[in-house]
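Protein sequence lines, in the order shown, are assigned to chains A and B. According to this note's numbering, numbering within the first sequence proceeds without interruption in unit steps and concludes at 450. According to this note's numbering, numbering within the second sequence proceeds without interruption in unit steps and concludes at 461.
There are no misleading hints in this set.
Straight-line C-alpha distance at most 27 Å; calculated BS3-like pairs for lysine-lysine:
| hint | chain 1 | residue 1 | chain 2 | residue 2 |
| --- | --- | --- | --- | --- |
| 1 | A | Lys68 | B | Lys28 |
| 2 | B | Lys28 | A | Lys79 |
| 3 | B | Lys102 | A | Lys340 |
| 4 | B | Lys116 | A | Lys395 |
| 5 | B | Lys118 | A | Lys395 |
Just so you know, the hints here were simulated from the structure itself, not pulled from any lab data.
Here is what each chain is made of, one letter per residue.
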Amino acid sequence: MSKMPSYTSTTNACKLCKPLGASIAFRGIEGCVPFLHGSQGCATYMRRYIISHFNEPIDIASSSLGEKNAIYGGGPNLKLGLKNVTSKYAPQLIGVATTCLTETIGDDVPMLLAEYRNEFGGSEMPLLVHVSTPSYSGTHMEGFHAAVKAVVEQLASDTIANGSINLLSGFISPADIRYLRGVCDDFGMATTILPDYSDTLDGPAENDYPLIPAGGTPLHAIKQMGGARATIELGATLPAESGGTVLLHRHATPLHRTGLPIGIRATDAFFALLSELSGRAVPAPHAAARGRLIDSMVDGHKYIFGKRAVIYGEEDLVVGLVSFLAEIGVQPVLCASGGKSGRFADAITAALAGLDCELPIVREDVDFFDIETLALELGIDLVIGHSKGYTFARKENLPLIRVGFPIHDRVGGQRILHLGYHGAQALFDLITNTVIDRKQSESPVGYSYM
Amino acid sequence: MSTLPLLNERSSQIHRKGTAPFELECNKDSLAGAVSQRACVFCGSRVVLYPIADALHLVHGPIGCAVYTWDIRGALSSGPELHRLSFSTDLQELDVVFGGEKKLEKALNELIPLHKPKAAFVYSTCIVGLIGDDLEAVCKKVGAVHGIPVLPVQSNGLKGNKRAGYEAACDAMARLVGTGDITGISKHSINILGDFNLAGEIWLIREYFERMGIEVVANITGDGRVDDIRRCHGAALNVVQCSGATMDLANRMQKRYGIPSVRVSYFGVEDMAEALYTVGRHFGDQEMLEKARQIVKKELVTLLPELAKYKKALSGKKAAIYVGGAFKAFSLVKAFRLIGMDVVMVGSQTGTKEDYLELEQITDPGTIIVDDSNPLELSAFLREKDVDLFVGGVKERPIAYKLGVAFCDHNHERKEMLAGFQGMLNFAREVYGSVMSPVWKFVPRRLPLQDQDGTEVASEQ
Ligand code: SF4
Numbered sequence: 001m002s003k004m005p006s007y008t009s010t011t012n013a014c015k016l017c018k019p020l021g022a023s024i025a026f027r028g029i030e031g032c033v034p035f036l037h038g039s040q041g042c043a044t045y046m047r048r049y050i051i052s053h054f055n056e057p058i059d060i061a062s063s064s065l066g067e068k069n070a071i072y073g074g075g076p077n078l079k080l081g082l083k084n085v086t087s088k089y090a091p092q093l094i095g096v097a098t099t100c101l102t103e104t105i106g107d108d109v110p111m112l113l114a115e116y117r118n119e120f121g122g123s124e125m126p127l128l129v130h131v132s133t134p135s136y137s138g139t140h141m142e143g144f145h146a147a148v149k150a151v152v153e154q155l156a157s158d159t160i161a162n163g164s165i166n167l168l169s170g171f172i173s174p175a176d177i178r179y180l181r182g183v184c185d186d187f188g189m190a191t192t193i194l195p196d197y198s199d200t201l202d203g204p205a206e207n208d209y210p211l212i213p214a215g216g217t218p219l220h221a222i223k224q225m226g227g228a229r230a231t232i233e234l235g236a237t238l239p240a241e242s243g244g245t246v247l248l249h250r251h252a253t254p255l256h257r258t259g260l261p262i263g264i265r266a267t268d269a270f271f272a273l274l275s276e277l278s279g280r281a282v283p284a285p286h287a288a289a290r291g292r293l294i295d296s297m298v299d300g301h302k303y304i305f306g307k308r309a310v311i312y313g314e315e316d317l318v319v320g321l322v323s324f325l326a327e328i329g330v331q332p333v334l335c336a337s338g339g340k341s342g343r344f345a346d347a348i349t350a351a352l353a354g355l356d357c358e359l360p361i362v363r364e365d366v367d368f369f370d371i372e373t374l375a376l377e378l379g380i381d382l383v384i385g386h387s388k389g390y391t392f393a394r395k396e397n398l399p400l401i402r403v404g405f406p407i408h409d410r411v412g413g414q415r416i417l418h419l420g421y422h423g424a425q426a427l428f429d430l431i432t433n434t435v436i437d438r439k440q441s442e443s444p445v446g447y448s449y450m
Numbered sequence: 001m002s003t004l005p006l007l008n009e010r011s012s013q014i015h016r017k018g019t020a021p022f023e024l025e026c027n028k029d030s031l032a033g034a035v036s037q038r039a040c041v042f043c044g045s046r047v048v049l050y051p052i053a054d055a056l057h058l059v060h061g062p063i064g065c066a067v068y069t070w071d072i073r074g075a076l077s078s079g080p081e082l083h084r085l086s087f088s089t090d091l092q093e094l095d096v097v098f099g100g101e102k103k104l105e106k107a108l109n110e111l112i113p114l115h116k117p118k119a120a121f122v123y124s125t126c127i128v129g130l131i132g133d134d135l136e137a138v139c140k141k142v143g144a145v146h147g148i149p150v151l152p153v154q155s156n157g158l159k160g161n162k163r164a165g166y167e168a169a170c171d172a173m174a175r176l177v178g179t180g181d182i183t184g185i186s187k188h189s190i191n192i193l194g195d196f197n198l199a200g201e202i203w204l205i206r207e208y209f210e211r212m213g214i215e216v217v218a219n220i221t222g223d224g225r226v227d228d229i230r231r232c233h234g235a236a237l238n239v240v241q242c243s244g245a246t247m248d249l250a251n252r253m254q255k256r257y258g259i260p261s262v263r264v265s266y267f268g269v270e271d272m273a274e275a276l277y278t279v280g281r282h283f284g285d286q287e288m289l290e291k292a293r294q295i296v297k298k299e300l301v302t303l304l305p306e307l308a309k310y311k312k313a314l315s316g317k318k319a320a321i322y323v324g325g326a327f328k329a330f331s332l333v334k335a336f337r338l339i340g341m342d343v344v345m346v347g348s349q350t351g352t353k354e355d356y357l358e359l360e361q362i363t364d365p366g367t368i369i370v371d372d373s374n375p376l377e378l379s380a381f382l383r384e385k386d387v388d389l390f391v392g393g394v395k396e397r398p399i400a401y402k403l404g405v406a407f408c409d410h411n412h413e414r415k416e417m418l419a420g421f422q423g424m425l426n427f428a429r430e431v432y433g434s435v436m437s438p439v440w441k442f443v444p445r446r447l448p449l450q451d452q453d454g455t456e457v458a459s460e461q
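Next comes chain A alone, as it looks inside the complex (with noise of 0.2 Å):
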C-alpha cells in the first residue's frame, strides 16, 4: 500500500462517542430512561442523531451541567435530575451514563448514586445502573458494549436455574432483534435477548405520547440472567471484558461468543449453536429460507461476481458482511472502522478462511478521508456501509448499499435486516439490484430483460 497520510485531526468521524451506544442499549431495556451526567447539548445531540435514524422519539435525561457545577462537582444537578426525572416519567429504571465533562471533573458517580439512593430510597425508587462512558476514548460500540455490561454486572443476581438462554445481540437493527426472537422461539428456547430495543426503537402509531415507550429486556428476565443455561454472546471483537464475561464469572454460566450472524456460514454456525442448545433440529421454515437463498445466489451470481466493495462501519457489522460478500462473489477490497478493538484485522481473516478470497486491506481507527484515500487507490464498484458514506459515494458516483447505523438519508433504517437467512436474503437481492440498476441506467440503449 502506498503512503497513507496520518493525520493528526479527523475529517468526517466513522464512529460515535461512547455515550451514544449507552444511551441506546439502556433504551433497551423495560422501563428504561438513558441519563446523561454531563451537559445538556450532548444529551440533545445524540437525541437528534439517533432520532433520525430511527425515526422515533427517544427521550434522554441530562443533568444539564453548566460552568458553577464543573467547579464545583456536579452531584447536586445529577440527584435534581434524577429526581425529577422520576416524577416525570416514573421510570423502572434509569440508565445514567457519564461524558467527557463529568469523566473530567471527577464525578464519582457510584458514590453519588448510593448517596441518592440514601436520600430518596422508597418503594417508589427506580433501578439505577451507571456506566462509564468517557467521549474521549473509544467509541459508540464501547458505550453499548460497556452499558450491557454494566446492567448484567448491576442487576443481575439471582442464579437459581431457570433454563433460559441470555442472548447479547450486540447492536444491531430492531429488525434483526426481531427475527432472532422469532429464531429463539422457532427453537421453542427461552431467551432473554439484552438490550432489546425492537419496540422502543421501532413503535406503532400511538394516541399518546408514551412516557417511556413500552417494551425492552424485562427487568424481572435480566435479574434472572445469572440462572440461565448459557449465554451466547454476538460480535466478533467483543471487549474482553463483557457482560457475557460477567455472567460467565460471576454465575458460571457457561458463554459461546460467535460473530452476528450475518451470510451462510455464520448463520450455519448460528443455528448449529441453537440446535445444541435447544436439542433441537434447525426449523423447517428457516431450512427453507437457507435453501431459497442458495437458490437465489445461483439465480443472480452472475452480476456481481468480482464487483469490488469498500465496507466501513462497526466493526462486528464489517466482519459480518466481509463473510458473506466473500460467500457471494463480491470482493471485499477494503474493510475500515473508526473503533480500535485490535481485534479487527484477525477476526476478518477468521471471518474470510475457507474461500477463494483475496484478503482486503483492513484498517481501524480511520475516518472518511482516509476510507476515501485508500478506496480511490485500490479501485472499487461499490460502497456498503452506513449513510456517512454517502458525501463519498456522491463525489466519486458510486453506488452505496445502506446497512447498519446510521441511516439519515433513507427511511426504514430501523428495518433492515441484516441477520440470519432471511437477512442474507436481503442483503443479496439489495446487492445484485443495485448493480443491475448501475448497468442499466448505464446502457445506451437500455433493456428490459437482464
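Starting from the known structure of chain A, arrange chain B with the ligand on it as the hints suggest.
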C-alpha cells in the same frame, strides 16, 4: 385536558394567554432531568458560523460534538464547500490529561495547507474549557505561520445556552470585520445578516435587493465568504434577520463603524414585503421604494390566487409552533393566519422576555406560550389543543408523528426553501401536503372506535 404531569419548576415558563396577566420566565438554564429540546453553546456557534463555506471549521474536542454536526444544515454554497466537512481534534484521554494544545496546533498545521481555507474557526467544546487549553494563543501562533486568520470560537458548552454560542460566533466574526478593503462599495449597500441560505434562500433574497438597486456586500453567513466578511464594514446598512443569532455582530458594527441596522424577517408575505420596504425607507430613495413595490406587486399577483386554494382547504385547522428562536415564531404566526390556520401553541428554545411579550400580543386568547419545553410537555399541548399540524425541528418531528399529527420542518436541517414570496408558497404547499394527507385517517388518534377484534363499528364520515 392535560394528562401528563408537568414539573412544578417548569410552570413559570408556560403561559396560557388570557388566563392570567402575562409573565413568563425565560433565559434560565435548562432544568436537570427535564429532557430539554435545547442544544448548547457550541451548537449555537456552529449554527451561525457553519455556512461560511471557504473557512475551515475545526472542532477542538472529543469526537461526538464534531460528528453530530457533520453536514447537518441545509446551508448551500454557490462555490466552495469546505463547510460540509467535519474536522475534529478527536481528543483522547492523554490529551485530556496533558492538555490538547499541541494536538490542536499540529492539526491546524496539517489541515490548513491541505485545504487552503481563507480562514479557520476553532471551536472550543465543554471539555476544552475544563482542561484549560489556550485556544487564543494557539490560534495566534498558527495564524501567523500560515498568514490566514485563525479564529478561536469560545463555545465551551458550559458557558450558558445556545445564545451564548451566538455571541461567541459573533465575537469570532467581529475579528474579521474591518480587515478588508472597502473601496468601491456603493452607498446603497447592505449586509444580509442572520440568513443561513437553507435550500438557497439567500439567493432569492439577494436578488430582491439587487432588483431594488442595492449592493449586497456580505452574506452573514448563508453562502458566506471570508473575504466578504472582512470588508462588510463598508456597507451602509446591516439587515438582520432572526432574533438572536447575529444581532450581536450588528450591534458591534454599529458601535465600531456607526453602521445602523434594521431587523426583518423573510418568512411570510407581510414580513417579506415589509423587509424590502424597511430597507427602501432606510435609504430614503423613492425610486428604490417604487422598485420594492413593483417586486411585491409582481410576486403577489401570482402568489395570492395560489394561496387562496390552499387557504380554502386549510381554514380553521390548528397549528402549533416550537422553534429555536422566537423571531421565527412571529413570522410563522402571521404566515399561518394568511392561510387561514389558527395557531394554538407557540414556543421557543431561547426566546427573550420581549420576544414572548410580542408573541402574547399577536396570538389569540387561549394560546399556549412556552419557553424551553420538552417532549412530554409538547405532546401534552398537542393533545390538549388537538392540533392538525406541528412546526418544529428534527427533535420535534417524532413527537408529532408518534401522536398522529402532521409536521413541518422549519429548522436548520430543512431542504425546502421557505423564505421570500416563493417560500411562502412552498410553505403553504408543504402545510397542505402534510395536513391533507390521507395517512391521518389511519392513525390511532383519528381512528373510529373499534370493537375488540379490531373491526370497525363506526366509520368517520
Ligand atoms: S463528545 Fe462529549 S461533549 Fe461532545 S457530544 Fe459527546 S459527550 Fe457530549
